[in-house]
Amino acid sequence: MRMKGAEAIVKALEREGVEVIFGIPGGASIPLYDELYDANIRHILTRHEQGAAHAADGYARVQGKAGVCSATSGPGATNLTTGIATAYMDSSPVVAFTGQVATPFIGKDAFQETDVIGITMPITKHNFQIRSVAEIPEVIKRAFHIAQTGRPGPVLIDLPKDMQEGEAEVEFPDKVEIVGYKPTYEGHPRQIKAAAKAILEAERPVILAGGGVIISGASPELMELAELIMAPVVTTLMGKGSFPESHPLALGVLGMHGRKAANYAVTDADLLIAIGTRFSDRSTGMVSCFAPEAKIIHIDIDPAEIGKNVRADIPVVGDAKRVLRQLLRVLREMMRQAKTKAWVEKVQRWKKEFNPRMDYDDIPLKPHRVIKEIMDFLGEEDIVTTEVGQCQMWAHHYLGRTKPRTFISSGGLGTMGFGFPAAMGAKVARPEAKVIDIAGDGSFLMNIQELATVVENNINVVVAVFDNRYLGMVRQWQELFYDRRYSAVNLGSSPDFVKVAEAFGALGLRVEKPGEIRDALSEAFDAGKPAVIDFIIDRECNIFPMVPPGRCLKDIIE
Amino acid sequence: MEDTHYIVALVEDRPGVMQRVSGLLRKRNFNIDSISVGETEIPGISRITMTVRGDRVTLEQVMKQLNKLIEVVKVSELNPRESVIRELALIKVSVKNEAARAEVVQYANIFRGRIVDVAKQSMVVEITGDEDKIRAFIELMRSYGIKEIARTGKTIMARGAKSVKLRE
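Those sequence lines, one after another, are chains A and B.
Position in the first sequence (first residue = 1) + 5 = my numbering.
Position in the second sequence (first residue = 1) + 10 = my numbering.
Treat the hints with caution; some may be incorrect.
Below, in silico cross-link-like pairs of lysine to aspartate or glutamate (EDC-like), each with a Cα-Cα straight-line distance of 16 Å or less [claimed, not checked]:
hint, chain 1, residue 1, chain 2, residue 2
1, B, Lys74, A, Asp307
2, B, Lys143, B, Glu97
3, A, Lys187, B, Glu22
4, A, Lys313, B, Asp65
5, B, Lys78, A, Asp307
6, A, Lys187, B, Glu81
7, A, Lys313, B, Glu70
8, A, Lys202, A, Glu338
With beta-carbon atoms standing in for the labels, derived distance ranges [said to hold, decoys possible]:
hint, chain 1, residue 1, chain 2, residue 2, range
9, A, Pro80, B, Glu141, 45 to 53 Å
10, B, Asn39, A, Ile35, 36 to 44 Å
11, A, Phe116, B, Arg91, 55 to 63 Å
Partial selection, computed: residues in chain A whose CB lies under 8 Å from chain B [unchecked claim]:
hint, residue
12, Ile151
13, Val181
14, Val184
15, Gly185
16, Tyr186
17, Pro308
18, Ala309
19, Gly312
20, Lys313
Since the hints were made in silico from the structure, they are not lab data.
In this text, a Cβ means the ideal position worked out from N, Cα and C, and glycines have one as well.
Just chain A, with the same shape it has in the complex (with noise of 0.2 Å):
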């Protein structure tokens, strides 16, 4: 078929399934605008790149298949970046369109010319530049592969706009051949049996279930799992929601903010089921002492993660899914009666003894209370998401979730910013979900603009401030490990979000009083229109509990 570049584009877009575009149209995209115009594709035109990328990203954690975007060349691509380096550190396939210049133009410092390849090179899994117009659908077929198979991550194309606007004849492949690129699925036999073995001579295991789980899909794997060999279940922050938290055996998320039983049962384990992780530093605390006495299990797709940060003593590389069920076949005839009964009594013990108190009264509101209060309000179903900071390890912590895909944040990069983009892709993803965004004042302020995109597209998230007039992160630390030298941290007392709220047309709700928060909530959820709900939180009120950084993971400050 001879066919434009840029009806190429949104051919091959429609091929792969796209149904909707996050993104800002700039002079090097106006052609590939011109022909979505007439495309079965919903474009959202966000208010600044930045929440374009979030958004897409947000959209394929919560469906699990490529979100996109598309931005202008130089300025338009820049912005993209901070949301690209998201999506990379948290193994979301996201496929990313930039304009670029006319060929003939690159490289002369042309008007918004950048080199996003050379740019997004660290941060994106892969990236093409496309040089002739008849390579379209071959490099869209191949961004799209790359970006949603084997471990996940996002995937730029830049266009330049003579590509757009040239014609050529293109055919549209099924599929693609990439001679360097072949991810392992199937755990190795052998592993698997050494795998099998170390989980039945185990008295103390834990199983540590990260992001990955949540990527394959292996949440019922997992349940079975842990109830066959009767081992209790922890979680990383990319993890939460791969095993319901209300669950006897669940105790909840790890690391520096992590759940104390949890913290403990890692460091007290005598065998490690890593499941889907990287061991994050915030994750492990100092590796050293991480999980002391444990035999450790690493299931990854990624080799390159086996050994990389912790060491593996039975590493499996391959696909969660896959490698428990090959596991679960094996431990189905062998496993007689688990050895694992003092211990899950003694981690139950724990998990009772330090459940934490959420029922405070307190004005201004606790974090907890607030938290609390939106836990109770939610369905299982329905998704959170949350800005960087104090607020999201609140939720981290407090905010128990039973099902995959329904607790989004920014782990790896950690991007203040996020949630509230990310937010919005969700609830494009899943609009019969309720959908809130934990954020604080400092994260809100930083894409706040997407105000106006979620109320001209109708895309009704509730955004929850837990408003403390600081960068109440940073603010913990000064105050902890900084003598109470606080630099930089006070936000004072613009702007008034209630006001900003109804500025974009949005529903703005003050809320003071332990009391008024359910009535909020209701009144949020039902608006018929996005809603900021504003909680005055206590403003010095920290995250506990706390492992110091360099430290074990048992050295809780409280």
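Based on the hints, put chain B in the right spot on chain A.
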């Protein structure tokens, strides 16, 4: 233990592939002593030779991270004791008089180098060999005055039947 490791990567010959490889090495904080690249017997495939300093864990990480690059098709470590390692150097030496000229020619012959350019005040010697040989020759030339050195970086090939192929 810190050691020098020889890594060979076969890569798709596309624009930017060297930047991907060198950028990866930099971002992961790996120490590279030398890196060289050239065509191979397979059309569209280039061969990159790197010498990396570090312990076994570092080496393993370098290889695994390189393997993750989409355009990297194959990564191998070669044992230097079972391989041929060569580098080519071009050295422009001052020759102030006939005696110096004669001596440089003589040394070049001993080292199996070649004189590839002769001018009134200088000569260019081409020398191939392993690191020790090239270093020794450069040391000898210092007394005459070295004007310029250009080196290709090391390249390596396993001796005997073993070879770095796309599929094994």
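Structure versus earlier hints, numbers of those that do not hold, lowest first: The structure conflicts with hint 13 only, although it agrees with all the remaining ones.
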